[in-house]
Each structure stands twice: as C-alpha cells, then as structure tokens.
Amino acid sequence: MYSEKVMDHFQNPRNAGELENANGVGTVGNAKCGDIMRIYFDIDDDQIIKDVRFKTFGCGAAVATSSMATELVKGKTIYEALEVTNKAVMEALDGLPPVKVHCSLLAEEAIHAALWDYAEKKGIVIEGLEKPKNDIHEEEEEEEY
Amino acid sequence: MYSEKVMDHFQNPRNAGELENANGVGTVGNAKCGDIMRIYFDIDDDQIIKDVRFKTFGCGAAVATSSMATELVKGKTIYEALEVTNKAVMEALDGLPPVKVHCSLLAEEAIHAALWDYAEKKGIVIEGLEKPKNDIHEEEEEEEY
Amino acid sequence: MKKLIYLDNAATTQVSKEVVDEMLPYFTEEYGNASSVYEFGSKNKGAIEKAREVIGKALGSKANEIYFTAGGSESDNWAIKATADAYKEKGNHIITSKIEHHAVLHTCEYLEEQGFEVTYLDVDENGIIKLEELKKAIRPTTILISIMFANNEIGTIEPMKEIGELANQNNILFHTDAVQAFGQVPINVDEYHIDMLSASAHKLNGPKGIGFLYIRTGVKIRSYVHGGAQERKRRAGTENVPGIVGMSKAVEIAVSTIEERAKKETELRDYLINRVLKEVPYTRLNGHRTKRLPNNVNFSFQFVEGESLLIMLDMEGICGSSGSACTSGSLDPSHVLLAIGLPHEIAHGSLRLSLSEQTSKEDIDFVIETIKKIVEKLRNMSPLYEDYIKNNN
Amino acid sequence: MKKLIYLDNAATTQVSKEVVDEMLPYFTEEYGNASSVYEFGSKNKGAIEKAREVIGKALGSKANEIYFTAGGSESDNWAIKATADAYKEKGNHIITSKIEHHAVLHTCEYLEEQGFEVTYLDVDENGIIKLEELKKAIRPTTILISIMFANNEIGTIEPMKEIGELANQNNILFHTDAVQAFGQVPINVDEYHIDMLSASAHKLNGPKGIGFLYIRTGVKIRSYVHGGAQERKRRAGTENVPGIVGMSKAVEIAVSTIEERAKKETELRDYLINRVLKEVPYTRLNGHRTKRLPNNVNFSFQFVEGESLLIMLDMEGICGSSGSACTSGSLDPSHVLLAIGLPHEIAHGSLRLSLSEQTSKEDIDFVIETIKKIVEKLRNMSPLYEDYIKNNN
Ligand SMILES: Cc1ncc(COP(=O)(O)O)c(C=O)c1O
Ligand SMILES: Cc1ncc(COP(=O)(O)O)c(C=O)c1O
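Protein chains in written order, with the UniProt record's numbering: chain A, 1 to 145; chain B, 1 to 145; chain C, 1 to 393; chain D, 1 to 393.
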C-alpha cells in the first residue's frame with residue numbers, strides 16, 4: 001500500500017519529538033478525522049529554520065508526511081518553507097495512496113500553522129501566508145466509476 | 001435420481017412393443033407434457049388379460065412405470081387390473097422422485113384407457129371404470145418451503 | 001473406472017491442473033485478508049489486481065472495469081437489476097430476447113413485477129435475434145438492451161456488433177451475458193460497444209463459484225451485494241482469492257489457446273453434425289449451422305424423448321444434456337427450442353453435446369454409433385414413431 | 001520465512017488441510033454438473049446433500065432449510081431484501097442495531113431508499129442491545145428483526161434467546177448474522193427462535209466465497225439471485241461443489257472441536273486481556289468482558305492511532321486489524337466503537353486481535369511485549385499524549 005520511502009519515514013521518522021525552545025508551534029487536524037499534526041520551529045534571526053520537530057497522531061502516511069515535511073523545511077528560510085507544498089511532500093515520498101492524500105495537505109498546513117504562530121509571536125507579517133484552518137479534511141468523495 | 005428398480009425397468013423394459021391382435025388399446029398423455037403412453041391388451045373371454053404390450057414416448061420414469069404397469073396387470077382380470085393404482089405402480093418401483101409422480105398417474109390412466117377401449121369394442125360396461133381423460137398433467141406446483 | 005466421454009462442457013468444465021496449482025497456495029499459505037493493512041495480505045491484494053489485469057486484457061478493457069462476483073448468475077442479476085435501479089429516472093423499459101438464460105429471463109420477470117416493462121425479442125429459426133424487431137422495440141424510455149453473446153443451448157452467436165451499434169446510437173446501455181462465449185470466441189468490448197458483460201469461470205476450466213461483471217467506466221450502476229468496501233465499494237464480501245486467482249489462470253490459458261481450440265473443436269463438431277444428420281433419420285440440428293460456438297452441438301431426434309436418451313447415453317459413459325442444464329428437474333421443454341419454432345414433442349427430444357479440447361475423434365465416433373443404436377431402440381418403443389410410420393406408409 | 005503471528009482470524013482464516021483435501025477431487029475429478037441427469041453428476045449431488053445435512057445438524061435444523069450462497073454478505077443481503085420484498089404487504093418496518101456488519105447496515109440503508117423504515121437500536125457500553133428499546137421499537141408494521149449473533153469487531157454476544165422470544169411473541173421474523181458466531185459458539189435455531197441465519201465458511205477454516213443462509217420452513221422469502229432452478233429454485237447458479245464440500249468439512253471439524261477450542265482460546269484471550277490492561281496504561285477493553293467470542297480481543301490505546309499501530313505490529317510479524325476489516329481503506333472510525341460511546345480519538349486507536357486454535361502462549365507473550373514497546377513509541381510521538389501529560393501534571 002505504501003511506497004518504500006513512506007515506510008522508511010514511518011519506521012524511522014526524522015525529527016520526531018518536541019522542541020523545548022521552539023518559537024513557532026502549529027497544530028492542525030482533529031481527532032475526528034484521526035489525524036493531528038504538530039510542528040515545532042526554531043527560527044533564527046535570519047528567518048532561517050534552524051531546527052524542527054514534529055509530533056503526529058495519525059496513520060502511517062500522516063507520520064511519514066510529517067517526517068518528510070520537517071526534512072524539507074529544515075535549514076530553509078521561512079519564505080522557502082512557505083513554498084513547500086503537499087505535492088512536494090508527496091513527490092519526495094514517491095507518492096501516496098489516493099485515500100491518504102489528505103495527510104500531505106495536513107503536513108503543508110502544519111508548516112503554515114507553525115509559521116503563523118511564529119509571525120504572531122514576532123509581530124511580523126509573512127507575505128503570502130494565510131491564517132491556517134486547523135481542520136483540513138477533504139470530504140471523501142464518491143468514487144467515480 | 002431413480003431407484004434401482006426404476007433403472008432396471010427402464011433399461012430392460014418388460015412387454016415393450018406392439019400387440020398385433022390387441023382387443024383393447026389406450027393412449028394417454030400428450031407431447032406438450034413430454035409423455036405419451038400406449039397400452040395394448042389381449043383380453044380373453046374370461047376377461048383375463050392374457051397379454052399386454054406398451055409403447056411410451058417419455059422420460060425414464062415414464063418408460064419404467066409403463067413397464068411395471070404391464071407387469072402388474074398381466075394375467076389379471078379386468079377388474080383386478082382396474083385396481084392397479086398409480087400408488088401400486090410406484091411402490092412396486094420403490095418410489096419415484098416427486099417431479100415424476102405424474103408418470104405413474106399416466107400409467108394408471110393408460111390401463112383405464114385400454115380397458116375402456118376394450119369395453120367399447122365389446123359393448124360392455126366395466127363397473128367403476130370412468131371414461132379416461134387423455135391428458136393427465138398435474139400442474140407443477142410452486143414448491144412449499 | 002468406467003469409460004467417460006464428457007460432453008457437457010457447456011454446463012461446466014473440468015478445472016485444469018494448472019489452475020488448481022495456482023489456487024492451492026491461497027488456501028493454506030496465503031490466506032490473509034486481502035483488504036488488510038498487514039504485509040501478509042498484500043500478496044493476495046497483488047494477485048487480485050493481477051487477475052483484474054489479465055481479464056481486462058482479454059476483453060480489451062481497463063483492469064478497474066472488472067468486478068469479481070460469485071458467477072454468471074450473480075453478474076446477470078447485478079447488471080440488470082442495478083441498471084434498472086440506477087436509471088429508473090430515465091426510463092423503465094428493458095429489451096432482451098426470448099432465448100436468454102434464466103439468469104437474465106427470471107431477473108427481467110422479477111423487474112416486471114416491480115413495474116418495469118420488458119420486451120422479449122423473437123428469434124429466427126436459427127436462434128438469431130431480429131435486428132429490425134430490435135430497432136422497433138426501442139423507446140425513449142429504454143434504458144437497457146441485454147442480449148446474450150452466444151446461446152447456452154443451441155450455441156448460436158448473436159450479432160453483437162450490430163446490437164452494440166444500435167444501443168450506442170440510441171444511447172442505451174448494452175449488457176451481454178457472455179458466460180458461454182467468453183474464452184471461446186474473441187471478445188473486444190469496444191468493438192461491440194458492450195457496456196456490461198457477464199462471465200463465469202467454471203465454463204472455461206476455472207473453478208465454480210467465481211465470475212465477473214465488466215462495467216464500462218461511466219456506467220453508474222452501484223452495488224447489488226451491499227456491505228463491505230471491497231471491489232471499490234461495488235461488491236461486498238471477503239475476496240475469494242483462490243477463486244479469483246484460478247479464474248485468472250483459466251482466462252490466461254483460454255485466451256492463449258483460443259484459436260487452436262476453436263479450430264480443433266469446430267472440426268470435430270462439424271464431423272459430429274454431418275455424420276449424425278446423414279446417418280440418423282428424422283434428425284434436426286438446432287442453432288445456426290456456422291454462427292455457433294465451436295464446441296456446441298444440439299440435435300432434435302424426432303419421436304424420442306430427451307431424458308430417456310440421456311440416461312441411455314449415460315449408461316454408455318456419455319455425458320450430455322437436454323435443454324438448459326439449470327432447468328433439469330423441470331418438466332417444461334426448453335424455452336429456447338420453443339422460441340426457434342420447434343413443436344413441443346420435438347423440443348422434448350433434444351440433446352446438447354458440448355465438446356472440450358480433450359474430446360477425441362474416437363470419442364465422437366463412439367458417440368455417433370451409440371446415438372444410432374439408442375435412437376433406434378427408443379423409436380421402436382415410441383407410439384409417436386408408430387403413428388408416423390403408419391400414417392406415411 | 002519471517003515469523004508470522006496471525007491474529008486476524010475474525011477477518012478470515014487459514015483453510016485447514018483436511019478441508020482442502022476434501023475439496024480437491026471436486027476440481028479435477030468430480031467436476032460434472034450437479035444438476036444433471038448423468039451418473040457422473042450424482043456424486044456431486046450426493047456431496048451437496050450431505051453438506052446440507054452436516055450443516056443442518058450443526059444448527060439443529062432440517063437439511064432442506066440450508067441454502068448455499070457465496071458468503072456472509074450475500075446471505076445477509078438475501079435475508080433482508082427478500083424479506084422486505086415478500087412481506088411488504090404486511091409492513092415496511094425493520095429493526096436492526098447500530099453495530100451490525102455493513103452487509104446488514106448498508107442493505108438496510110438501501111431499503112430505506114426504497115421506502116422501508118428502519119430502526120437502528122442503540123447498544124450499551126459493552127455493545128449489548130437494549131431489550132427495552134427493542135420492545136418499544138416493535139410496531140404493527142414490523143416485519144423483521146435482524147440482530148447479529150456476535151459482533152465482528154468487539155466480539156460481544158447478543159442476547160439471542162430474549163430477542164428470539166420477543167420476535168416470536170410478536171410474530172416477527174428474526175434473522176441473525178451469525179458469521180462470527182457460527183462454529184465458535186453452539187447455536188440451535190429452535191432454542192433461539194431464529195428464522196434466518198447467515199454464515200460464511202472462511203471464518204471457520206473453510207474456503208472463501210461460500211456460505212449459507214438458513215431459512216426456516218414456512219418463511220416465504222424467494223430468490224435473491226434469480227436464474228436456474230438450483231437450491232430448490234431459491235438460489236440460482238451452478239453449484240460451487242468444491243466450496244460446499246469444503247464448508248461442510250470445516251463445519252464438521254468446527255462443531256466437533258467447539259468446546260475444547262473455546263476453552264483454550266478463552267484462556268489465552270483472558271491472559272492477553274489481563275496482562276495488557278495491567279501493563280499498558282490508558283488502555284480500554286472494548287466489548288463485554290465475558291459475553292464475548294472466545295477468540296476476540298479488542299483494545300483501545302489512548303493517544304495512539306490504529307493504523308500506525310497495525311503497521312508497526314506487522315513489522316514484527318503480528319497481523320491484527322483495526323475497526324472492521326471490510327472498511328479498511330476508509331477514513332471513518334469504526335461505527336461499532338462510536339456506538340458503544342467511544343470518543344473519536346479513542347475509536348481511532350483500536351486494535352482487534354482474533355485468536356485461533358493455533359495461537360500459542362508464546363505468541364501471546366511476544367504480542368504483549370511488542371504492544372508495550374510500540375504503544376510507548378507512538379505515544380512519544382503523539383501530540384495528544386503530550387497535551388494530556390502537560391494538562392495532568
Ligand atoms: C458479522 C459479519 N457479517 C458479515 C460478514 C461478511 O461475510 P463475507 O465477507 O464472507 O461476505 C462478515 C465478515 O466479513 C462478518 O464478520
Ligand atoms: C448463458 C449463461 N448465462 C448464465 C449462466 C449462469 O452461470 P453460473 O451458473 O455460473 O451462475 C450460464 C450457465 O449456467 C449460462 O450458460
């Protein structure tokens with residue numbers, strides 16, 4: 001069901017855990033959908049993401065996308081991080097099963113939420129960043145035959 | 001599906017064929033139902049059935065019941081023959097599958113038809129003998145569950 | 001063991017050894033649930049998807065247009081009832097033929113009880129539906145045309161292409177019961193504009209209890225068996241993996257040998273037909289002389305009743321059938337033979353012999369000689385024959 | 001091969017060797033059509049009738065009250081839809097429960113679309129239906145009560161006797177989905193006033209794709225799969241003889257070992273339950289503590305999501321499942337766990353382990369240790385756990 005990359009990131013999640021000195025924390029998803037992601041950023045004065053951690057309650061894909069998302073943003077500026085889309089996360093993982101695409105959306109949204117938190121704390125505006133919804137849940141569609 | 005007795009009478013039908021000097025011939029059934037039986041009697045002056053033959057177009061049970069019916073009436077008086085019921089034929093054959101019971105009715109009716117023909121030819125009345133219907137066909141019933 | 005000449009392959013076939021070998025591991029080794037998370041189920045899942053591809057390829061369809069069922073009857077029921085259900089807003093009229101298998105006919109009769117209208121098309125003396133009649137039968141409310149690919153009793157192959165085109169031009173769904181044809185004659189669902197197609201594995205040396213329904217992308221029918229999310233939520237029930245794998249193998253073999261088998265069987269078939277017609281008087285071939293399944297032969301022997309004939313053949317080790325296998329036990333003569341215009345007493349005297357790859361010329365020679373003897377014996381016992389001879393001498 | 005501890009026997013089971021051996025001849029040797037005239041089909045016919053007797057005996061029913069189907073889903077669909085169809089003059093109301101298998105639930109939802117009214121009974125925190133609610137739900141128009149014998153996710157056994165008596169007193173038909181219970185707990189259809197009962201062979205070491213519906217004499221439902229005259233005209237389709245024979249053998253074995261299996265499995269089950277509840281904090285047992293299937297265990301591990309847990313168990317060679325097997329791939333949490341009152345996040349974290357005769361104490365010990373490690377690992381990654389600890393310290 002999952003690609004090798006997904007399985008690898010699920011079994012050996014990168015950057016799992018908490019970040020004591022985080023200056024941006026975002027939590028998205030909800031228990032009803034079965035996925036909650038939290039991302040912690042340590043962003044330095046040059047607006048570079050020096051360190052990142054995540055915690056995720058969710059399926060294998062949710063854990064793997066969180067892990068991959070943290071990899072993709074680590075060492076990037078906040079504007080570069082803003083460009084990390086769910087598509088990029090999925091591609092980096094060699095794809096996801098259709099029913100799991102929403103996990104990658106959640107990862108994108110978690111990055112945005114952490115950036116938003118950072119911006120609020122700093123009192124700055126990150127251009128192009130919208131206030132994240134914390135409930136990303138695509139309606140499961142009737143399959144098209 | 002069939003008892004050994006039925007199979008025996010089907011494979012080695014007794015009294016199959018035509019009787020040249022028959023003085024009573026009865027044909028019953030119709031092609032629509034898939035069964036036609038004809039019985040030939042040679043009845044002597046003491047009203048004893050001296051010889052008997054049959055011809056049958058029909059299933060295994062139809063052939064076997066014809067064969068058995070001829071056996072049961074051979075050497076009997078016409079009144080004794082009149083008592084040979086479809087039940088007697090069936091019992092003598094160790095039973096018939098439910099869907100084939102109508103064949104034994106046909107055999108009983110064929111005897112009656114041949115007796116009727118004899119009576120008409122002789123100008124006598126055989127007490128207890130009704131004019132046979134030549135179409136014996138039980139409606140196949142909806143199975144009872 | 002007694003000699004056995006099995007000529008009832010239209011009813012069901014021997015499962016080939018390769019098929020059984022393919023199935024075996026899925027009983028005792030790879031038994032995990034195919035719809036599961038664990039790795040142990042993934043081989044099953046893979047096997048199912050491979051089967052879908054094999055079958056899709058055989059039909060010129062996409063893999064995901066193949067849905068597994070328990071056999072031909074379920075496929076027919078599903079296609080017809082679910083179409084009625086899904087398209088009832090569009091109309092309530094269905095067109096089928098008088099010679100369909102009971103799985104189609106009784107389903108249509110059931111729908112009539114539910115308020116649908118069904119036209120049962122006549123066929124000609126060879127069992128071919130009349131295209132003019134079909135054209136005339138089409139109404140604005142017609143939602144489905146269901147015509148079998150080839151008939152199970154008399155082997156006649158219907159004009160699929162013409163039917164498909166008519167259906168297509170009139171924007172009507174076209175379902176075909178290809179239970180007899182699939183694996184015996186090449187089928188391409190696009191060429192014939194087929195929207196739904198039923199098949200059953202046990203007719204082509206696969207296992208019993210497994211079949212499929214092809215459903216063209218875009219056809220909006222939903223589940224017939226409701227429940228779990230299997231088969232993309234369209235057919236519930238734990239996947240019958242051994243059955244699916246067995247069917248896949250059977251299809252693979254059937255497709256790869258289709259030409260040589262057809263050639264061999266057609267030759268034997270024609271040999272059987274020609275000799276019997278020549279050597280047994282008062283005999284009729286039922287079904288079209290050439291537009292027929294390579295393995296199907298169906299005779300009517302006048303003045304002779306079918307069951308008696310069958311039992312006597314059986315006593316010589318020859319397995320044949322009379323009328324449709326599924327209705328044996330019934331007293332009615334075959335609806336197919338009546339539809340091609342046979343009178344009752346002749347319809348009662350029919351014999352279907354359906355060949356397989358295994359059938360040999362020696363078998364057929366023996367069958368012919370046996371038929372000759374038996375038919376003569378039965379005619380000598382037949383009051384109909386007696387009357388006929390007396391009236392014509 | 002990697003070590004494999006298969007604890008998904010509620011989803012499907014290994015076919016036992018004796019069962020396969022029994023089936024094998026019917027693929028390649030005794031393949032003739034069971035509904036035929038010839039002798040070669042009669043062994044098949046005999047095998048089918050013997051199977052009917054074996055199963056009838058297992059249920060305390062007559063042989064001719066057993067009808068073969070393609071599995072549990074078809075049996076459920078048949079029982080419910082055909083009852084609706086046959087008794088619609090009497091009424092249009094059906095009573096079922098919120099924790100039924102989807103084969104029952106989706107069928108009932110389908111009937112609602114067709115104008116029937118369905119009451120879905122609540123259950124208590126252990127998954128037992130409330131008899132008082134059932135009593136109140138009964139209307140003059142109620143034609144059917146369909147309550148499962150035992151639940152497939154949480155293993156809870158329903159009060160069959162009480163339900164059957166209520167149905168009987170009120171002259172309402174009683175159907176039970178016994179797919180999980182049959183072969184695991186003794187069932188007598190008369191004792192429980194059961195009018196229809198669904199079962200599926202692959203749940204008791206029989207083959208997939210075969211099941212049956214028990215229909216009490218006098219129940220007037222007709223065909224669901226229309227077509228040929230098989231199964232006394234009530235279920236069309238060429239008989240799946242290998243499947244029927246395999247199921248019969250599986251039932252024979254299951255019935256003859258039912259007590260010792262139950263004893264052995266119950267012991268192991270309770271050992272697993274007790275240790276996990278004691279050794280893994282924030283854990284809940286779902287389903288009734290004692291009124292449960294001998295082989296069913298279902299836990300919720302708070303702060304942990306089920307699929308992650310399953311994959312990690314799988315990596316250690318342990319096959320389990322989460323929610324109902326049939327809905328995996330779905331994002332919804334189990335309807336059963338919601339019905340017993342679990343909040344969503346806990347419902348998402350459930351694990352079903354279903355034992356077999358083969359399961360050993362060593363297996364269970366390994367499973368317990370593995371669960372402990374994995375749950376800890378996942379909790380350390382869980383934002384819910386983090387919040388919980390912070391809020392409670
Ligand atoms: C309670 C219950 N009912 C019905 C079914 C459906 O049975 P099958 O998958 O054999 O169709 C299952 C198993 O999946 C079940 O556990
Ligand atoms: C033309 C046709 N349709 C449908 C069926 C039914 O298939 P099954 O018996 O596999 O359900 C058969 C065979 O019996 C058939 O010949």
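Hints in this document: simulated from the structure, not taken from any laboratory. Think of the CB as a built atom: it goes at the ideal place given N, C-alpha and C, for glycine as much as any other residue. Any given hint could be a false lead.
Unchecked claim - Now the in silico label distances, taken between C-beta atoms and shown as ranges:
1) D:E117 with C:R284: 52 to 58 Å
2) A:K133 with C:T257: 19 to 25 Å
3) D:E49 with C:Y271: 35 to 41 Å
Cross-check of the supplied hints:
Taken as a hint, the range 52 to 58 Å holds for the pair D:E117 and C:R284, whose Cβ atoms sit roughly 57 Å apart. In this structure, A:K133 and C:T257 break the distance hint of 19 to 25 Å, their C-beta atoms being roughly 59 Å apart. For the pair D:E49 and C:Y271, the supplied restraint of 35 to 41 Å holds, since their beta-carbon distance comes to about 39 Å.
The structure shown violates just one earlier hint, number 2.
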